[in-house]
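Trainee: Please model the complete structure; the sequences and the hints are all you need to start from.
The listed protein sequences correspond, in order, to chains X and U.
The opening position of the first sequence corresponds to residue 1 in full-length UniProt numbering, with each subsequent residue numbered one higher.
The opening position of the second sequence corresponds to residue 1 in full-length UniProt numbering, with each subsequent residue numbered one higher.
It is possible that some hints are incorrect.
[Unchecked claim] No farther apart than 25 Å at their CA atoms in a straight line, the calculated lysine to any residue pairs in the SDA-like style are these:
1) K109/U / L171/X
2) K138/U / V214/X
3) K109/U / A75/U
4) K190/U / D80/U
5) K138/U / I209/X
6) K138/U / F173/X
7) K109/U / G31/U
8) K190/U / R236/U
9) K109/U / A174/X
10) K109/U / T210/X
11) K138/U / A146/X
12) K109/U / I209/X
13) K109/U / R264/X
14) K190/U / P24/U
15) K109/U / P167/X
16) K138/U / R158/X
17) K190/U / S50/U
18) K190/U / R108/U
19) K109/U / V143/X
20) K109/U / F173/X
21) K138/U / P218/X
22) K109/U / V262/X
23) K190/U / G165/X
24) K109/U / E99/U
25) K138/U / R264/X
26) K109/U / A162/X
27) K190/U / F223/U
28) K138/U / R33/X
29) K138/U / Q161/U
30) K138/U / M144/X
31) K109/U / L213/X
32) K190/U / G31/U
33) K109/U / G165/X
34) K109/U / S145/U
35) K138/U / L213/X
36) K138/U / P167/X
37) K138/U / A174/X
38) K109/U / V142/X
39) K190/U / R121/U
Don't read these hints as lab results, they were simulated from the structure.
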Amino acid sequence: MTWLDSTVHRAMIEAALVGVLGGVVGVFVIARRLPFFTMALTHGTFPGIVVAALLGVDLYLGGGVFGLLVVLAVVVFSRARGQDFTAATGIALSGGFALGVVLVSAQDGFSKDLTAYTVGDVLAVSTSDLVITAVVAVVVLVVMAALGKELLLVAFDRNGAAAAGLPTAVLDFALLAIIEVTVVATVPALGAILTVALLVGPAATARLITDRLVLLFPIAAAVGVVCALAGVWVSTQWNIAAGASIALFCGATFGAAFVASVVRGRLRPAAEAPVAVAVQEEARV
Amino acid sequence: MTQQQDRTAALVLEQASVAYGHVPVLEELHGTVRSGEAVALIGPNGAGKSTLIKAVLGLVPTVRGRIEVLGVTPAQARRDVAYVPQADTLDPDFPVSVEQVVMMGRYRKIGWLRRPSAADRAHAAEALERVGLSDRAKNRFGTLSGGQRQRVLLARAIAAQPRLLLLDEPFNGVDAVSQHALLEAIALLKQQGAAVVVSTHDLAIAHLACDEVCLLNRHQFGFGPTDAVLTPERLRATYGGHALELRGDRVIVTQT
Ligand SMILES: Nc1ncnc2c1ncn2[C@@H]1O[C@H](COP(=O)(O)OP(=O)(O)OP(=O)(O)O)[C@@H](O)[C@H]1O
Ligand SMILES: [Mg+2]
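Mentor: Structure (structure tokens):
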């Protein structure tokens, strides 16, 4: 286990794991236009973190459990009359975050824990963090492979999926839960605010490179790993925040792919809308 | 198999009323569609054509009366029912290829946790062949024209080997070539014993492709053989008594 005794080695493994995870899950985030939901989740898990800190249990366990409640709320709200996903997400986001703020304001001495939570520190991950991330990665990838075709059908044609008898609400919950678990697993490395970069950037970049679904997953995963490792390397070389440099690499890769696609004349007017959303999301973080 | 089913009722409506929540949309529908027959659903916007199709799929509840699909309830029959949505309701940017869309028609038969077999691939390829788009298999769905996308969605339904096929306005904004391809494919399905329900605003299509017509506008204004039902009087009644002309074969509502 000596190799893992090195902070940098652990950071690199953690970065590679969240890179793969963020890239692969991100393909669905982009295809179903869920960057806003992903952003919302990082805020929505906040009360769980606060409660976990109050109870003295693991912060990310708290965030993870609370995030599942947010996901459930979004699925239930979005099925109400006249509502869609975006409105439900907005409500869950602001409600969750407000609850966290209320809980924090009722307490003192939270600031230290919270900085690590919001900005992350990949160089601080322990071996047990690594094991958790690895388990999450394996579970998420296995579930995605197992439910792949059903998730695809619901994403592409909800009515068609319902008509074929698929349980669309359950599949929605499954996908949102996959995103949620990925977010929570990525937070220790990138921090709550920057996690969205890894779940949107690599997949959006892959989408600029190819139209083919089978290629999107490996390309997004590769871009995610490269960005994450490059971010860690730069951070150790020049002693800058790792999460931020990973997020910057995600943005820069996307920018480079975007320029390349313009140069190659592949840019389709119809494809601009979702891409623009992704750019805004990144610009905001 | 197809011979025996020729006479069986694929879809039975028995004084059926359909509602979204508390709002009744369709009331007292009555009629039968047999295997190998096609029925056109005709009525103005908001008449409830799409709602009836959803009720037959079991996605909207039947609050009174009964809808029987292939001898069972709509929800139980889904395995043998295929639905063709309007192509323009689907995201053209979605990264999915034509052959992947057609393969979706096989998902129900493939089942959970399994991957498509060689036989599934063969069915999908044959279905795509039938709508004349084999050469576009590898293209992204969104890069096809509206009419071609509609044909791909029909191929997806064909790949599902349905005994009842439901199409919601498949001919809207479709050119003559695609319309011909759609009609041919539908005719072949009928020949193989499938029952077909198609909503349309085009009376020519109803005459051309359908044995029966169901005139709808919240209530049923006629259900029976095309020539007997598509009369100017009944159409006027269906379209709410507004001045209505039958020019060529199209319904023209001159005042709404
Ligand atoms: N999800 C829904 N909830 C409540 N009412 C609905 C819903 N969908 C449709 N309706 C109502 O049901 C009625 C029938 O709508 P439907 O979409 O079935 O009409 P249609 O005949 O398919 O019309 P079009 O030709 O415009 O497609 C409309 O008056 C509409 O307001
Ligand atoms: Mg309709």
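Trainee: Each hint needs a verdict: does it hold in this structure or not?
Mentor: Here is how each hint holds up against the structure:
1. K109/U / L171/X: 18 Å, holds
2. K138/U / V214/X: 12 Å, holds
3. K109/U / A75/U: Holds - the C-alpha atoms of A75/U and K109/U are around 16 Å apart, at most 25 Å.
4. K190/U / D80/U: 14 Å, holds
5. K138/U / I209/X: Holds, at about 16 Å.
6. K138/U / F173/X: With Cα atoms ~31 Å apart, K138/U and F173/X exceed 25 Å; violated.
7. K109/U / G31/U: Distance of about 30 Å is beyond 25 Å: violated.
8. K190/U / R236/U: With a Cα-Cα distance of about 30 Å, the restraint between K190/U and R236/U is violated, given a limit of 25 Å.
9. K109/U / A174/X: Distance of about 22 Å is within 25 Å: holds.
10. K109/U / T210/X: 30 Å, violated
11. K138/U / A146/X: Answer holds: K138/U to A146/X is near 24 Å, not above 25 Å.
12. K109/U / I209/X: 33 Å, violated
13. K109/U / R264/X: 41 Å, violated
14. K190/U / P24/U: 32 Å, violated
15. K109/U / P167/X: 16 Å, holds
16. K138/U / R158/X: Between K138/U and R158/X the Cα gap is close to 23 Å, so the pair holds against 25 Å.
17. K190/U / S50/U: Given that 25 Å is the threshold and the Cα spacing comes to 21 Å, the pair holds.
18. K190/U / R108/U: Judged against 25 Å, a Cα distance of about 21 Å means the pair holds.
19. K109/U / V143/X: Within the cut-off at roughly 20 Å; holds.
20. K109/U / F173/X: Holds - the C-alpha atoms of F173/X and K109/U are around 24 Å apart, at most 25 Å.
21. K138/U / P218/X: 19 Å, holds
22. K109/U / V262/X: 42 Å, violated
23. K190/U / G165/X: Measuring from Cα to Cα gives roughly 23 Å; hence the hint holds.
24. K109/U / E99/U: 17 Å, holds
25. K138/U / R264/X: Since the Cα atoms of K138/U and R264/X sit roughly 21 Å apart, the hinted pair holds (cutoff 25 Å).
26. K109/U / A162/X: With a Cα-Cα distance of about 15 Å, the restraint between K109/U and A162/X holds, given a limit of 25 Å.
27. K190/U / F223/U: Roughly 19 Å between the alpha carbons, so the hint for K190/U and F223/U holds.
28. K138/U / R33/X: 24 Å, holds
29. K138/U / Q161/U: Judged against 25 Å, a Cα distance of about 22 Å means the pair holds.
30. K138/U / M144/X: Satisfied, since the Cα-Cα distance of roughly 23 Å is no more than 25 Å.
31. K109/U / L213/X: This hinted pair holds, its Cα atoms lying about 22 Å apart.
32. K190/U / G31/U: Holds, at roughly 19 Å.
33. K109/U / G165/X: At roughly 12 Å apart (the allowed maximum being 25 Å), G165/X and K109/U satisfy the hint.
34. K109/U / S145/U: 29 Å, violated
35. K138/U / L213/X: Roughly 11 Å separates the two Cα atoms, so the pair holds.
36. K138/U / P167/X: 29 Å, violated
37. K138/U / A174/X: 29 Å, violated
38. K109/U / V142/X: 22 Å, holds
39. K190/U / R121/U: 23 Å, holds
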